[in-house]
Structure formats: structure tokens, C-alpha cells
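Please build the complex by placing chain B on the supplied structure of chain A, with the hints as guidance.
Listed in order, the protein sequences are those of chains A and B. So in numbering that gives the first Met the number 0 the end of the first sequence lands on 500, straight run, no missing numbers. So in numbering that gives the first Met the number 0 the end of the second sequence lands on 500, straight run, no missing numbers.
Calculated directly from the structure, the hints in this document are not laboratory data. Please note that a few of the clues may not be correct.
For chains that are exact copies, the list does not tell them apart, and a pair is met inside one copy or across any two.
[As the list claims (entries may be wrong)] Straight-line Cα separation of at most 20 angstroms, EDC-like style, residue types lysine to aspartate or glutamate; simulated pairs:
1. Lys475 - Glu493
2. Lys186 - Glu251
3. Lys101 - Glu472
4. Lys494 - Glu484
5. Lys475 - Asp249
6. Lys277 - Asp303
7. Lys306 - Asp246
8. Lys100 - Glu16
9. Lys475 - Asp96
10. Lys101 - Glu446
11. Lys461 - Glu446
12. Lys409 - Glu300
13. Lys100 - Glu472
14. Lys253 - Asp128
15. Lys475 - Glu106
16. Lys162 - Glu24
17. Lys100 - Glu446
18. Lys494 - Glu472
19. Lys277 - Glu300
20. Lys88 - Glu472
21. Lys469 - Glu106
22. Lys18 - Asp142
23. Lys186 - Glu222
None of these values were measured; they are calculated from a predicted model.
The primary structure of each chain is shown beneath.
There are 2 protein chains.
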Amino acid sequence: MSNENVFQQRVRLANAEGKIKTPDEAAKLIEKGMTVGCSGFTPSGYPKAVPQALARRAAGSPIPVTLWTGASTGPELDGELAKTGCVYKRFPYQTDDTLRKKINSGEILFADLHLSHNAQNLRYGFHGDVDVAVVEAAAITEDGGIIPTTSVGNAPAFVELAKKVIVEVNTAQPSGLEGLHDIYLPKNPPNRQPIPITAPGDRIGTPYIPCSPQKIAAIVHSEVKDNQRPLAEVDETSHRMALNLLDFLDVEVKSGRLPRSLLPLQSGVGNIANAVLKGLAEWPSDGLTVYTEVIQDAVFELLDKGKIRFASSTALTPSPDGAAKYYPRLKEFADRVVLRPQEISNNPEVIRRLGLIAMNTAVEVDIYGHVNSTMVRGGHILNGIGGSGDFARNAWLTIFLCPAIASGGKISKVVPFCSHIDHTEHDTDVIVTEHGVADLRNLSPRERSSVIIEKCADPQYKEMLNDYRKRAESGKGHEPHILSEALSWHVRLEKNGSMKS
Amino acid sequence: MSNENVFQQRVRLANAEGKIKTPDEAAKLIEKGMTVGCSGFTPSGYPKAVPQALARRAAGSPIPVTLWTGASTGPELDGELAKTGCVYKRFPYQTDDTLRKKINSGEILFADLHLSHNAQNLRYGFHGDVDVAVVEAAAITEDGGIIPTTSVGNAPAFVELAKKVIVEVNTAQPSGLEGLHDIYLPKNPPNRQPIPITAPGDRIGTPYIPCSPQKIAAIVHSEVKDNQRPLAEVDETSHRMALNLLDFLDVEVKSGRLPRSLLPLQSGVGNIANAVLKGLAEWPSDGLTVYTEVIQDAVFELLDKGKIRFASSTALTPSPDGAAKYYPRLKEFADRVVLRPQEISNNPEVIRRLGLIAMNTAVEVDIYGHVNSTMVRGGHILNGIGGSGDFARNAWLTIFLCPAIASGGKISKVVPFCSHIDHTEHDTDVIVTEHGVADLRNLSPRERSSVIIEKCADPQYKEMLNDYRKRAESGKGHEPHILSEALSWHVRLEKNGSMKS
Chain A
0 MSNENVFQQR VRLANAEGKI KTPDEAAKLI EKGMTVGCSG FTPSGYPKAV PQALARRAAG
60 SPIPVTLWTG ASTGPELDGE LAKTGCVYKR FPYQTDDTLR KKINSGEILF ADLHLSHNAQ
120 NLRYGFHGDV DVAVVEAAAI TEDGGIIPTT SVGNAPAFVE LAKKVIVEVN TAQPSGLEGL
180 HDIYLPKNPP NRQPIPITAP GDRIGTPYIP CSPQKIAAIV HSEVKDNQRP LAEVDETSHR
240 MALNLLDFLD VEVKSGRLPR SLLPLQSGVG NIANAVLKGL AEWPSDGLTV YTEVIQDAVF
300 ELLDKGKIRF ASSTALTPSP DGAAKYYPRL KEFADRVVLR PQEISNNPEV IRRLGLIAMN
360 TAVEVDIYGH VNSTMVRGGH ILNGIGGSGD FARNAWLTIF LCPAIASGGK ISKVVPFCSH
420 IDHTEHDTDV IVTEHGVADL RNLSPRERSS VIIEKCADPQ YKEMLNDYRK RAESGKGHEP
480 HILSEALSWH VRLEKNGSMK S
Chain B
0 MSNENVFQQR VRLANAEGKI KTPDEAAKLI EKGMTVGCSG FTPSGYPKAV PQALARRAAG
60 SPIPVTLWTG ASTGPELDGE LAKTGCVYKR FPYQTDDTLR KKINSGEILF ADLHLSHNAQ
120 NLRYGFHGDV DVAVVEAAAI TEDGGIIPTT SVGNAPAFVE LAKKVIVEVN TAQPSGLEGL
180 HDIYLPKNPP NRQPIPITAP GDRIGTPYIP CSPQKIAAIV HSEVKDNQRP LAEVDETSHR
240 MALNLLDFLD VEVKSGRLPR SLLPLQSGVG NIANAVLKGL AEWPSDGLTV YTEVIQDAVF
300 ELLDKGKIRF ASSTALTPSP DGAAKYYPRL KEFADRVVLR PQEISNNPEV IRRLGLIAMN
360 TAVEVDIYGH VNSTMVRGGH ILNGIGGSGD FARNAWLTIF LCPAIASGGK ISKVVPFCSH
420 IDHTEHDTDV IVTEHGVADL RNLSPRERSS VIIEKCADPQ YKEMLNDYRK RAESGKGHEP
480 HILSEALSWH VRLEKNGSMK S
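So here's chain A without its partners, still in its complex pose (with noise of 0.2 angstroms):
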């Protein structure tokens, strides 16, 4: 069947001709000053053909818009408008290099949000009106219904709130996707219920986004493919990480706090998280759950061989090895695996209620359990927050991963005092290094930081830690810090090309 047919076959709502359009076409719906909320979770399920026109459209005439999304996305739209000058602000996340070199020289205004309060403070009417939402879906249903196709995000919400909305159904995604969503809206309070989720499987929506035909302005063909990343093999520092994890988990269990089939998985996204999840191959449970933001394919082996019951998301982020194994069998999957809207899958309540098992990586850590996970070189932005905050302030156990120093032992990733903190000393349970874990839950800042550098520190830095932790408990005070020494060894960093004294 050629591409044409599927399309057709996959836009099932009634009287829809009138509402197919040519990518450039529906990109004139967009206007310079509008806010457009896309749908996309990490390279997944993030619309193509149509911000490539806009892009198109902007060149050499720029058409800045408020760009909303729910966390990352491809090329093909953070790239291209980034480049085309077509972003004035963006929220809530983004991983790429244009956007990022943009919005730290200040020409593209970026805020960094916790991932599950886009959608509900959009609603609130904190950010203003959406003018347009452009999704990308596998189908549309007869009555309007979307079904997303890799990931959901925002999309729900932006679906809700937009004006006009622009729907590109992709004929590159698998059909299998269909069936395996699950769309819950909460209301805005006074009148918001209990989100009926008492375990990682439980199916609380509907397998599609509700809108009503009116509201859709466009519907255009795409065919062009997730961008997906190809994961980097587990190095030694990853793989140290992930058994000195293990060993901890285990030690959980035969303490008796931890069922031998876990609490639900959470774990972030990246070559860390990968090799965290692939250490669970050997994992002596068939029981495991995920409750997490992406699935990645050491979650798709999990579930493949049994190890992994039930996994819960809001994104598919397959490498593109992964993608071609797991793709073309993903009905196979659909009575184990949902992907849900990020403000469900990331929501405090749930989150909590499951009790997860949140496991996140860290740009550095200090000597009190306080993380950085978004910014270097005095607020130079890497990513953002991301759904970390959500996971860590509400999980059963937090952890935090990190390798304990980075090029080449010039950056020790255990400082004194973080650059910028978006985890605080309340939130933090537990860091992992390649060379230990610290255990914090019970310890007061002054056993925390013998703690840290005892376990997680580089043995190159150890001394300097514990020469200014000793310095610093000599002053006095619960936390003790020397202030005018507390960020010294960034500046020196950037002065001298390395934390060393």
C-alpha cells in the first residue's frame, strides 16, 4: 500500500478533505508573536514537515514564536526554528545545540519548568493563550479523537487550550502505536479528583487526544521518521555506576525494605540510565515496574525477556537499532506498555502513591547532597531540569548518579558548594559514583559530607574536600561553608582550565 493509502486509511474523521493541507499551507497558520505548543518528548513524536515550513516561510524573514513542547525534540523543529530566528521564548526543556547556544547568548529566552506543571499552569492561564497546537498523530479517529504517535507530552493539553489546531499524521510510525495511549486531563481546581492510578498498568483515559473537528484547522501528510540517537555502548564509569546501584538495591531488599521485585523503575534518560537499566538483565525478579518519563531500549529487552511486568510512560525513545527491532512488534507489547501525558506520568501524586524508585543524573553534586543537574560555567544552561524535580522531591528513594570527575580529572563532579542547585539537601536519598554510594537518608550535613567525599569523591579530590569540609566545620554553623571559598574551585576552573589547586 503506498504512503497515500495509509494516510488516507489513517484519517478516519468524517469530511476531512477540506482539512488536508500541504505542510507550507498549514505553516501560514502560524504567526510571528503566536504561542504553538508541539507535540515531542525527546526526539519522539515531535512534528516535522510542518516546522520545517515555517522555517522555510522564515528564511531571511523570521517569524518568532513562543515555542512550547514537552521536552526535547529533533532537528526538524527545535533546530530549524532555532536557526531561522523563528523562537523568540521557549519552555520547558531542550537538548539542542542551536537552541542552546542561542538562549545562553540571550537571543532566545528559555525557562526551565518542572516537566509535569507545563500542562496544568498552561490551563491556569500562567502562560497566556495557546494559538496553536501542531501534533503529530498516527491517526485521527472519526469523531477527532488523535492518536499521538512516540510520545504525548503536552500534547493533550496544547490539544485543549489551542485555538486552531494543526494535526500531521505521520505514515513513517508504526501502526502498532494505536492502543497503547492513555489520555487523562485533569480539571483545574476547585474541581480536580484523585488520579486513579494505584499501579504502574492502570489504564484511567481514553487511546486518543479528545478534540473537537472544529478546532482542527489542518491535517498534513508527513513521512518523515523520529530522529533517533544511537546509544553509546556502556562505558566503565557507566557500568561501575550500575553495579555499585545494584549492590545498594540489593542491600534494600535483604534489609527488608524492598520487595525483591522493586518499587516502579524510574530512571532518566542517557548512556547512565541505559547502563543502570541493562545491569537489571541479571536481576533475580520477574516482577519489575516502570513508572518513568522515557522508555528506552533496555526497558523494550526488559519487557522482551520477561524481566520487566509492566512499563509506564510518556515517551518511546528507542535507538534506532531499537526502533527496528521493537517497532514492528509493538502490538506485541500493547497489554504491557502506556504512554501517558507528562503531567500523569510525571505527577507528584502518583509518583509518591506508587512509591518509585527515582534514579537521575547529576552535572555535579556538593559535599550536603545538593545537585546540579542543568547549568556549568556560571549558568551556562546544558538541558534543564527536565522531570527530574518531579521524581526526586516525591519518589521512594531518591538517587542521584554521577561519574566523580569529567575531563580527565580537571572537573571534580563532588564540589564544595554547586554552581547552581535544582535539587536541594531535603530531596536527595542517595548518590551513586563509580566509586561508591552515599547513603544520606538519616545524616545530618556534617556526617552527609564525610559521607560523599568517603564514597563518592575522586581519590584525586578527596583531600581537597576534606580540607575544606574541615576548614568549614571549624567556623561552626549546622551546614558549615566557607562562602569566599564555597565557589573557588569553578573559578578556578574557568581561570586555569582545571578545578586543581
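This is chain B only, laid out in the frame that chain A set:
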């Protein structure tokens, strides 16, 4: 009726005779090295007789224990035990002078925890066993149910988890307390269910703390009143902050984002909170509600006037005048006031569902919206984070209030970089000082710094702040900082006694 007769009436437990003990006898159940969980939240509802007996026994020969409470307590508990060396470690919040000094000198270990996390983390086994619970009660029911007094705090969890329970039946506490409490104990994951509160007034539990009579090891008669503190008159600065805040809320109402009856109010403890609530006396709606930690005089006054329809909290903390006026009339408020465990009053699930307006006091704020709630002078703790994090993260709107200056202008409360961070830029919606309101919603860090300086900083520091901001921005970055200067204001204060250059 004599106090002794009142005591006998209040101890309704069958076969209680053998359990009735003197404070000194009961205190012998507490031994060195134990973990002891005491009722009490603010100087309300904490045990007095047994801690004082323990302190007497410890004179000259300390009996160090790990001491848990709900939050701060009165001098008979924290003060006496800290003075006599009976506190080895203390959780989760404090305001006592002696205790604070010993924490800052490193003599007493302290961990500053989100108040909603305590009970669950104890239940998860993260803090070891609870050996003894000491709970102040208004009465004991026939089958062992403990009716708390002026606070609930963490008492239900301590009773649930402790091996032995000591009940101080305090006949100085008003009999009208009976019926005010609503005790609900969440299960641990994976068996936790939604907390079925959808309005501040919902009652979901029992009016007593369930307790097996076998666990009750001692029942003690106490007649010591809560150590209520007078409230200062509302000063000019607090009054102006309150006016600014109310003006801001009025605009939110007029913009259609808030109903005139607002959403449930949460406010911190103390004089600024008191000024804000007093300001609501003229608010043009009789449908206000409160979902907070502590009910102080102003809430009683507004309940009495019919301005506030319903108030939920975990403690009643009136001034001596307020107690004299309202405690004899508690029965009148029985259907409009509820006292809950702090894991429910501060629960993220409920806070987010109800959509609270969270108003808390900051020690200092920085130009990007990070907030210090706990520390001065390089890690010297004041009180602790308390519930501010529970509310700030999950509220409909998160407001921090602080005066723009302190110490007659030697200290600016708006600084380039907070010397300790308890709440991050990701959580702060609005900052209020006596000079104005910075509405940070929808703003990037560079926009935020302009607005905070313009609206909130004291005129005598604006130029210095703008100078820092502009020079930082010239170095680029999403949230520009000059790390070598970021903490220099605090360093200067320490050295010269003033932040002024």
C-alpha cells in the same frame, strides 16, 4: 471538678489503672540511645511532663536520644532536653534557642526535612525503629484511641510505629478539642490508595489515633499549658507586604484566573503570615478556605467573622490572648476546623489537587528566584525548611514574602546568589517585599532578574544589584553569574558587618 477528676474522666480506657504512672516513672521507659517520637507541632500539643522528668533524671548524667517531633515544640521539651544533653540527634524542625545553638556548634546532629516526608520515611524504615512515642492527649477512648490536643503532627505515625507509647493526658487542654481531629494513615507502596480529600473540609479518618491498648505503657497526668507566644503587632513593613500581596491577588481575580473566594490559602507561621491573613478581613468574599499547617489568631478571627468558611491544619497555635478567646469556644468551630496529620496537611497530592495559594517567608531571595529559607552566615541554621517545600512545589501559586532589607539596611534580602538554597527558581512564582511584587511566571532568568530588582529590591541596593546583573550578562549564559562575586555580598557582610560595598 478537680483536675484529678477531669483526668479520670478523660482516661476512658478499660483497665487503665495499672498504666497510670507519674512522669518520673514514665520517663524511665526512655533509655540512652533510643529513638523517641513526640507529638507537637509549633509550641502546641507537645508532651511536657515526661520530657521534664527525663531532663531531671538526666541532670549530671545525660541520656542522649534521637528525638523526633512534628515540628518545633516548647521549652519543656526541646529546651530542657537540649540543655541536659538528652538530644543526640533531632528531626525534623526546631525553633528553640538552646537547641539551635547546639546544632550550629555541632554538638547536636540535626536533619532538616520536608515535613510531609517524615511519617512515610519512618514507615519505610529509613530511620530505624521508633522505640517510644510520647504523645499529649486530650483523652483516651475506651479501646485505646488517643485523642490529640492542639496539634496532630507526626503523632499518628509515632504511635503506629513505636514499641511503647506514653500518653500524657493534659487536663489543661480544652475539652472542646475532641472531634476536631481527622486521623488518616496512608499505607506503604505498593498498597497506597488515593487520599480522598477533594475539599479542605473533607473528613476521611477517625477523630482519634488508633492504638492497641497493649502498646500503651504509661498514662501520665499533665496540667502544663502549651507555651503560647504573643504575636507582635503588625509592623509597617509587614503591613505593606500584605497590601502588595492582596493587590496582586485582586488582579488575579479580575483577570479571571482566580474566583473571588480564591483557592485554599496556605500561610507560614509568624508575623508576616499574620499580617497577610489579617489583611483578608476586608476581602470582598465570605467563601475563603484555608488548607495549611498552623491556625493562628487571624484565622480564628476570620472564621469567627464568617470570612473563612473552613480551615484545615495540623496545629492550632494561637497567642495567649487568642487561646483565651477562642479555646473555650472550640465546639462552635467543630464543623469548620479540622486538624490532620502533617503528612496529610502537607501532602503534595492534596496540595496540588486543591490548588493552594502558598505564602511563605524567605530568609533571602536571589535575582533569579532561588530562595533561602533556612541559613545565615555560611550554614548557620535558623529554624528549618518546615513545610515550605511541600507547599511551594505543589501549590497553584507559590509566593515568597520577605522584607527587602534587614539590620537597618546592612543586609539586602535580595542578593545576587543565595548563600543557601531551599527552593529553586523552578518553584518560585511570585516574590513580595514591602516595595512591590515580582510576578515571575512565564519569565526567563534574565527577565526575572530585571523584575525582581525593579519591584522587590530596596532602593539602596538596586544600583549594586543592577551592576552585578549587567556585568554577569555581559559574560553570557542562560542565568548569568560571576561566580567569583556571586557570594561576595555575604562575605562582605561577615567581614564588614554590611553588604554595602
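Homomeric proximity label, Lys100 with Glu472: Cα distance no greater than 20 angstroms: between (40 angstroms within a copy, 14 angstroms between copies)
Same-copy or cross-copy closeness of Lys18 to Asp142 [CA-CA at most 20 angstroms]: within (14 angstroms within a copy, 70 angstroms between copies)
Homomeric proximity label, Lys475 with Glu493: Cα distance no greater than 20 angstroms: between (29 angstroms within a copy, 14 angstroms between copies)
Within, between, both or neither: Lys100, Glu446 at alpha-carbon 20 angstroms: between (40 angstroms within a copy, 18 angstroms between copies)
Status of Glu472 relative to Lys88 across identical chains (alpha carbons, at most 20 angstroms): Classified as between: cross-chain Cα gap 18 angstroms, same-chain 44 angstroms, threshold 20 angstroms.
Within, between, both or neither, where Lys186 and Glu251 count as close if Cα-Cα is 20 angstroms or less: between (38 angstroms within a copy, 19 angstroms between copies)
Intra/inter-copy verdict for Lys494 and Glu472 if alpha-carbon distance must be at most 20 angstroms: between (27 angstroms within a copy, 18 angstroms between copies)
20 angstroms Cα threshold - placement of Glu300 relative to Lys409: neither (36 angstroms within a copy, 61 angstroms between copies)
Homo-oligomer pair classification [Glu446, Lys461; C-alpha up to 20 angstroms]: For Lys461 and Glu446, only the intra-copy Cα distance (16 angstroms) is at most 20 angstroms; the inter-copy one is 39 angstroms.
20 angstroms Cα threshold - placement of Glu106 relative to Lys475: between (44 angstroms within a copy, 10 angstroms between copies)
Homo-oligomer pair classification [Glu16, Lys100; C-alpha up to 20 angstroms]: Neither, since 42 angstroms and 75 angstroms both go past 20 angstroms.
Up to 20 angstroms CA-CA - Glu472 versus Lys101, copy category: The answer is between: 14 angstroms across copies meets 20 angstroms, while 42 angstroms in one copy does not.
Violated hints, listed in ascending order, are 5, 8, 12 and 23; each of the other numbered hints is respected by the structure.
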